[in-house]
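Asker: Each chain is listed here by its residues.
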Amino acid sequence: MAMKPEDILRAIAAARGDAICVPTMTTSPAWRTLAPDDLSIGCVGFMGGASALGLGLALAIPKRRVIVFDGDGSLLMQLGSLATIAGARPRNLTHLLFKNGVYHTSGAQDIPGGLSVDFVQMAKGAGYRKAYAVKDFEDFKSRLPSMLTDEGPLFVELHTGLADKTPMTDRGGQPFHQQIENLCQKLSKAG
Amino acid sequence: MPESIPAPLIIDTLRDTFREARGGSMREPLGWILSVPDTHQKTVLAALDKERALRVVTCATEDEANAIAAGLWIGGEPVVLMIQHAGLYASVNTLRGVAMDGRVPTFYMIGLLQRERDRDPKESRHSMVRFAEPLLDTFGVPHARLEGPDDVHLIPEYYRLSRQRRGPAAVLVGLETS
Numbered sequence: 465m466a467m468k469p470e471d472i473l474r475a476i477a478a479a480r481g482d483a484i485c486v487p488t489m490t491t492s493p494a495w496r497t498l499a500p501d502d503l504s505i506g507c508v509g510f511m512g513g514a515s516a517l518g519l520g521l522a523l524a525i526p527k528r529r530v531i532v533f534d535g536d537g538s539l540l541m542q543l544g545s546l547a548t549i550a551g552a553r554p555r556n557l558t559h560l561l562f563k564n565g566v567y568h569t570s571g572a573q574d575i576p577g578g579l580s581v582d583f584v585q586m587a588k589g590a591g592y593r594k595a596y597a598v599k600d601f602e603d604f605k606s607r608l609p610s611m612l613t614d615e616g617p618l619f620v621e622l623h624t625g626l627a628d629k630t631p632m633t634d635r636g637g638q639p640f641h642q643q644i645e646n647l648c649q650k651l652s653k654a655g
Numbered sequence: 696m697p698e699s700i701p702a703p704l705i706i707d708t709l710r711d712t713f714r715e716a717r718g719g720s721m722r723e724p725l726g727w728i729l730s731v732p733d734t735h736q737k738t739v740l741a742a743l744d745k746e747r748a749l750r751v752v753t754c755a756t757e758d759e760a761n762a763i764a765a766g767l768w769i770g771g772e773p774v775v776l777m778i779q780h781a782g783l784y785a786s787v788n789t790l791r792g793v794a795m796d797g798r799v800p801t802f803y804m805i806g807l808l809q810r811e812r813d814r815d816p817k818e819s820r821h822s823m824v825r826f827a828e829p830l831l832d833t834f835g836v837p838h839a840r841l842e843g844p845d846d847v848h849l850i851p852e853y854y855r856l857s858r859q860r861r862g863p864a865a866v867l868v869g870l871e872t873s
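Chain order of the listed sequences is A and B. Everything in the first sequence is counted per the numbering used here, starting at 465 for the first residue and increasing by one. Everything in the second sequence is counted per the numbering used here, starting at 696 for the first residue and increasing by one.
Just chain A, with the same shape it has in the complex:
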C-alpha cells in the first residue's frame, strides 16, 4: 500500500532537528499544520522551483541540512534542476520526491508517463551522490536518520498516495514574501 504523505511528514517533523524544509504543492497544507513556526519556506507561485530554491539555501548555509519536499509533477516542470543540483554538489541537500503519479492540486490528472517514470534513474544519471526509492513506511522510518545525515545531494523517491488536502482545498498559509521575511529573521537570530 502506498505511504500516506502525512505520515511521512509527521516523521520528518519529529526528526529534522534544525533543518530547513522546502515544501511545495500537496505537502504544503499538512506541513503548515505539522511545523507551523519554524525553518520552512514553501515554493508558492513558481511550480517546479522547490529544488532550485533548496539548492540556493544549501549552498548559502552549508552547515545546515536542507530538505526539499518535491512533487513528481513539479519536478517534471524543471527536470534540468537534477543536473544543476548534481553539478553544484551540495553535501547538505536531501531531495525527497513525493511520487503519486498525478497533478493532485489541479484535479489529479496523470503526469506524463504516470507512475512509470523512474526518477531514481534520472537522479542517478544526473550525478546525485545517492538515489533510491522507498515504498513502505517501515522502511522509510528506518532510513530516515540517514536521509537527514548522509552526504548529499541525496535523492529519495517516496511512493505515496494522495494527501488529504491540497493548496486548492486548503488555502491559506503566508504569502511567499512573508515566509521569506520570517525565514531570514530566524536564520539571522540563529547566526
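Just so you know, not all the hints are guaranteed correct.
[Unchecked claim] Here are the simulated SDA-like pairs of lysine to any residue, each with C-alpha atoms no more than 25 Å apart in a straight line:
hint: 1; chain 1: B; residue 1: LYS737; chain 2: B; residue 2: ARG714
hint: 2; chain 1: A; residue 1: LYS653; chain 2: B; residue 2: ARG861
hint: 3; chain 1: B; residue 1: LYS745; chain 2: A; residue 2: ALA547
hint: 4; chain 1: A; residue 1: LYS527; chain 2: B; residue 2: GLY719
hint: 5; chain 1: B; residue 1: LYS817; chain 2: B; residue 2: ASP845
hint: 6; chain 1: A; residue 1: LYS527; chain 2: B; residue 2: LYS817
hint: 7; chain 1: A; residue 1: LYS527; chain 2: B; residue 2: ARG750
hint: 8; chain 1: A; residue 1: LYS527; chain 2: B; residue 2: ARG714
hint: 9; chain 1: A; residue 1: LYS650; chain 2: B; residue 2: ASP796
hint: 10; chain 1: A; residue 1: LYS650; chain 2: A; residue 2: ASP502
hint: 11; chain 1: A; residue 1: LYS650; chain 2: A; residue 2: ALA479
hint: 12; chain 1: A; residue 1: LYS588; chain 2: B; residue 2: VAL751
hint: 13; chain 1: A; residue 1: LYS588; chain 2: A; residue 2: ASP634
hint: 14; chain 1: A; residue 1: LYS653; chain 2: B; residue 2: ARG798
hint: 15; chain 1: B; residue 1: LYS745; chain 2: B; residue 2: TYR784
Hints were generated in silico from the structure; no laboratory data involved.
Starting from the known structure of chain A, arrange chain B on it as the hints suggest.
Answerer: Same frame as chain A, now just chain B:
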C-alpha cells in the same frame, strides 16, 4: 556608438560589487554567479572559470537561476544572474513569482545577443533584442544599458538598487563582451 566591454573589467567590477555587498570582507566565495550560458557574455564566463573568489553555478534554465538566487540571498550570499534576453523571456513567471512577489533582490546581467551596433535596441530587426526593454518596463523592472566600458559603474548601482527596492533590477549588455 556602443563599444564592447572587456571581460576583465566586468569581473573586476563584479568583485568590487560583491566586496561592497559583504561590507569589505574578503571571505571566499566573494559572491555567486548564476549563469545560463550566454553567447554574448561568453568571454566573461570563460574568464570566470579561472576565478577562485567568484563561484559560478551553471544552471539548466533561467527559472532555476531565479530560485537558486532567492535561496542564496535568504542565506546572506551576494549573487548575480548572467543570462540572455531569450532566457528572460523564458523565465518571466519565475521573475514575477520569486523576484517580484517574493520581494527578493535579484540582479540580472542580460546579454542582448544580435543587437546591431548601429541601431537602438528598440529599432532592432530582431524581436529578441527589440522586446527586452519593453518587457522589463511592463513588469516595472528598472534597467540600464551597458553601452561600453564607461558604463560598468551601472553594475554596482543596479545591484544596490535591487537590494534597496527588494526586487529585480537589470543591466543589458549591449555588445558582445571581449
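Asker: All hints are to be evaluated individually against the structure, with a verdict given for each.
Answerer: A quick look at each hint next to the structure:
With a CA separation close to 23 Å, the supplied pair LYS737(B) and ARG714(B) stays within the 25 Å bound. With a C-alpha separation of about 21 Å, the suggested pair LYS653(A) and ARG861(B) falls inside the 25 Å cut-off, and the hint holds. Restraint check for LYS745(B) and ALA547(A): the C-alpha separation of about 22 Å stays at or below 25 Å, so the hint holds. Of the supplied pair hints, the one linking LYS527(A) and GLY719(B) holds, its CA atoms being roughly 23 Å apart against a limit of 25 Å.
Using a Cα cut-off of 25 Å, the hinted pair LYS817(B) and ASP845(B) holds, with the two alpha carbons roughly 22 Å apart. Taking the CA atoms of LYS527(A) and LYS817(B), the gap is about 47 Å. The hint is violated against a cut of 25 Å. Restraint check for LYS527(A) and ARG750(B): satisfied, since their Cα atoms lie roughly 18 Å apart, inside the 25 Å limit. For the hint linking LYS527(A) to ARG714(B), the alpha-carbon distance of about 23 Å falls within 25 Å, and the restraint holds.
Note on LYS650(A) and ASP796(B): the hinted pairing holds, with a Cα-Cα distance of about 20 Å set against a maximum of 25 Å. Taking the CA atoms of LYS650(A) and ASP502(A), the gap is near 8 Å; set against the 25 Å cutoff, the hint holds. Only pairs whose Cα atoms come within 25 Å are accepted, and LYS650(A) paired with ALA479(A) is accepted, the gap being roughly 19 Å. Our distance criterion of 25 Å between C-alpha atoms is met by LYS588(A) and VAL751(B), whose separation comes to about 23 Å.
Our distance criterion of 25 Å between C-alpha atoms is broken by LYS588(A) and ASP634(A), whose separation comes to about 35 Å. The suggested pairing of LYS653(A) with ARG798(B) holds, with an alpha-carbon distance near 21 Å, which does not exceed 25 Å. At roughly 30 Å between alpha-carbon atoms, LYS745(B) and TYR784(B) are farther apart than 25 Å, so this suggested pair is violated.
Of the hints listed earlier, those the structure fails to meet are numbers 6, 13 and 15, in rising order.
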